[in-house]
Amino acid sequence: MCDTPTGPKPPNPKLRQVTSRSPDILLFCAHRWEAEPFVECLQLRQSAETRFATTYYDEAGRFELYLTGQGPQRAAAVVGAALATLTSDPARVVGNFGTAGCSAGEQELGRPYLIHRVRDAVSARSFYPDRLVRTKWLEATCTTVHTVGQSIDAKDSLVDMELSGLMTAAELFLPSAQIVAGKMVSDFLGETPPDWQEMVKAIVAPYRQACAEFLEILESQRRLLQDNARTVAGRAADIRVGEAMEAFTPHFTVTQCRQLESVLKAVALGSSEDWRPAIESAERLLEQASVESKKERAAVFETLIWTLQASNLFSVREVGE
Amino acid sequence: MKPDSLLPPFSHLYVEEELLEGPWAEEVRRIRDRLTKAVVVPIGSFQEITQRRTARWNDQKRSPKLVLARKHGELVYPCSDVAPNFGHANFYYAVPMQNCLYDCEYCYLQGMYTSANLVYFVNQKEMMDRVLELSEELGEIYLCIAYDNDLLAMEGMLGVTAEWVEGLRGADRVTVEVRTKSANFRAIKKLKPADNFILAWTLSPAPVIERFEAGTPGLEARIGAMTEAMRAGWRVRLCLDPLLPVQGWTETYDELFERLDQESSFWTKLEDSSYGLFRMPKQILRQARKARPDSALLHSAHSREERGLMTLSGTAQSSLLSHVGKRLRERLDSGQVWET
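Just so you know, the sequences run in chain order A and B.
For reference, each letter of the first sequence is one residue, going 1 to 321 in our numbering.
For reference, each letter of the second sequence is one residue, going 1 to 340 in our numbering.
Keep in mind the hints are simulated off the structure, nothing from the lab.
Positions of the beta carbon are idealized from the N, C-alpha and C atoms, including for glycine.
Hints may be right or wrong, so weigh each one.
Dumping the calculated DSS-like pairs for lysine-lysine here, alpha-carbon to alpha-carbon at most 30 Å [said to hold, decoys possible]:
#, chain 1, residue 1, chain 2, residue 2
1, A, K155, A, K201
2, A, K155, B, K71
3, B, K192, A, K294
4, B, K189, B, K269
5, A, K136, A, K155
6, B, K71, B, K192
7, B, K192, B, K269
8, B, K282, B, K192
9, B, K37, B, K269
10, B, K190, A, K136
11, A, K155, B, K37
12, B, K282, B, K189
13, B, K192, B, K326
14, A, K295, B, K282
15, B, K282, B, K71
Selected chain A positions facing chain B (Cβ under 10 Å, derived; list incomplete) [to be verified]:
#, residue
16, A60
17, T85
18, T87
19, R131
20, T135
21, E139
22, L174
23, A236
24, D238
Input sequences plus hints: build the corresponding full structure.
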């Protein structure tokens, strides 16, 4: 079962907008400076195509990095646009890492935090990325403000300007276990706006270190998602059923095909090794039968379902029935 | 950092913000003291965690978190016809905790809730008060408190069973069933048995436990807990539910009966027994299949039984049902045997 294909499904030819790209990890950063350590570490190249955002990619096609710009609306737009064109992959991980402010004395300057709650300061909506991987990082809530200087009532929260937008868009496409966010504290709130260059200088070394660790976290999360035996087995069965259905689809109605798919999936899951004989006997049955009229098709369909169910352990019929 | 290390169960404790201060803070502290390594995450309401469209059950199940919440609105619900009422007209259930530590393949919870995280409601006392109010209004009440959870499995951490036993001890018009697969009877061993409580163990043949009841105690451990409870003077119920037509089911289920026969006075000390086939409402089954995309069992339920519930196809089902019913009636009075 484990050697069955686990990667992304092939793109649906009917959806022309879907590209053949299938990156393992997508990174989103607000600013070029926040992205730089990732670009260097992964040897990313800037895409020459004119797209909706500045984009970087690696040669192997495993990573893509997008610059979202400032503000949750921009972040949502870029994340939505990036994910909308990709084929589905249950182990793909979306990561956001960047800088955040905090109240003085609450968190440590230059320290990275994994985000376990994302709160939007305007809508009050909260998001909770599902945490799977064990890390040594401390955790924190991050509140996303929409304008510079917007006040928040949660003193112990980190504050950024993108994450709730990223979560809003990403959760339209992915389960929350596929989204990981981290922040490094760069400045204290309430002070005069920090001098950008001074701030960068102060945290550049720990920030680079944290980026390398964050990539490890994303890779680990991806491997844990890939190791989910249930998802793997379910997808493998879907692929087998999809292949088997090619022989049956032309002969039956949409409703009948749906029922047949359901019965086939049970057989595929219940008989991983002797699946072919059941399918072959069903195919032979179909070849030998006449399916010209609606009545004939209905009769063949019933027999087909019966035959397939007979090979299912949970549909065993008594001898002589 | 260990590479690819999965977070252990209850690595995170999600707590409703309203509970962190005020009358519930002590209860929250009690749980936090038992999960000292858990990261505490304040949340708005438990539905933010449990009713998310983006939660993926089978990822969450690998590393479930605990949610502390306060239940609002209706605290006790009338039971549907699908569940056995054991001859009681006023049949109700309460949900002190939502979701289960175990991972049974046939469980309806995976189709009922979008999240595999466990929710513990701190206002147990309010639920019990509502039960007593209902019994004032209606007379005798039969109440199940462990349909959507396994309280005994979590007893060491939460102590819910003990709280209900002490809270409703002596409430003559309320009979409470606590259903479990746990072998954790020792967690309530010190309690004096309560006449109005029935401890109900779900048993399955060993091969069924091994294949379909992941994370649960084995057959011997469950039988041990059951007999210990009987000896301590508790009313004990045997639940053979769901019966699964596995290969060689006749011998498999007969072996279970033979094993129980070996326990001295097992059948005479038993309060009663229920048994039933695998069944699930269609909508819940559909969700359960999504939660468990690899389950041959869930994907094989294509037939609709007389109550409109989805069940397995094939006639082995009805033979199994009558076979087990017969075996039970050979050992118990027919008034003690309930088909569900």
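Against the structure, the hints:
1. Proposed proximity of K155/A and K201/A is supported: the alpha carbons are some 26 Å apart, at most 30 Å.
2. Annotation: proposed proximity of K155/A to K71/B holds, straight-line Cα distance about 27 Å (limit 30 Å).
3. A C-alpha spacing of about 69 Å is found between K192/B and K294/A, which places the hinted pair above 30 Å, so the restraint is violated.
4. Only pairs whose Cα atoms come within 30 Å are accepted, and K189/B paired with K269/B is accepted, the gap being roughly 18 Å.
5. A distance of roughly 24 Å separates the Cα atoms of K136/A and K155/A; the hinted pair therefore holds under the 30 Å criterion.
6. The straight-line distance between the Cα atoms of K71/B and K192/B is roughly 29 Å, inside the 30 Å bound, and the hint therefore holds.
7. Proximity of K192/B to K269/B is assessed by CA-CA distance (about 17 Å); at most 30 Å being required, the pair is judged to hold.
8. Taking the CA atoms of K282/B and K192/B, the gap is near 42 Å; set against the 30 Å cutoff, the hint is violated.
9. Restraint check for K37/B and K269/B: the C-alpha separation of about 43 Å exceeds 30 Å, so the hint is violated.
10. For the proposed pair K190/B and K136/A, the alpha carbon gap of about 40 Å is over 30 Å, so the pair is violated.
11. Taking the CA atoms of K155/A and K37/B, the gap is about 23 Å. The hint holds against a cut of 30 Å.
12. Only pairs whose Cα atoms come within 30 Å are accepted, and K282/B paired with K189/B is rejected, the gap being roughly 40 Å.
13. Distance restraint check for K192/B and K326/B: the Cα-Cα separation of roughly 35 Å exceeds the 30 Å cut-off, and the hinted pair is therefore not satisfied.
14. Taking the CA atoms of K295/A and K282/B, the gap is near 28 Å; set against the 30 Å cutoff, the hint holds.
15. At most 30 Å may separate the alpha-carbon atoms for a hinted pair to count; K282/B and K71/B meet this at roughly 27 Å.
16. Checking A60/A against chain B by beta carbon gives a least distance of about 20 Å; that is not within 10 Å, so the hint is violated.
17. Interface hint status for T85/A: violated, as the beta-carbon distance to the closest one in chain B is roughly 20 Å, over 10 Å.
18. The restraint placing T87/A at the interface with chain B is violated, with a minimum CB-CB distance near 18 Å, outside the 10 Å limit.
19. Checking R131/A against chain B: minimum C-beta separation of about 6 Å stays under 10 Å; hint holds.
20. Below 10 Å, beta-carbon pairs count as interface contacts, and T135/A has one with chain B at about 6 Å; its hint therefore holds.
21. Checking E139/A against chain B by beta carbon gives a least distance of about 5 Å; that is within 10 Å, so the hint holds.
22. Below 10 Å, beta-carbon pairs count as interface contacts, and L174/A has one with chain B at about 7 Å; its hint therefore holds.
23. Checking A236/A against chain B: minimum C-beta separation of about 9 Å stays under 10 Å; hint holds.
24. Taking 10 Å as the C-beta contact cut-off toward chain B, the hint placing D238/A at the interface holds, the least distance being around 8 Å.
Going through the hint list in order, the structure does not satisfy hints 3, 8, 9, 10, 12, 13, 16, 17, 18.
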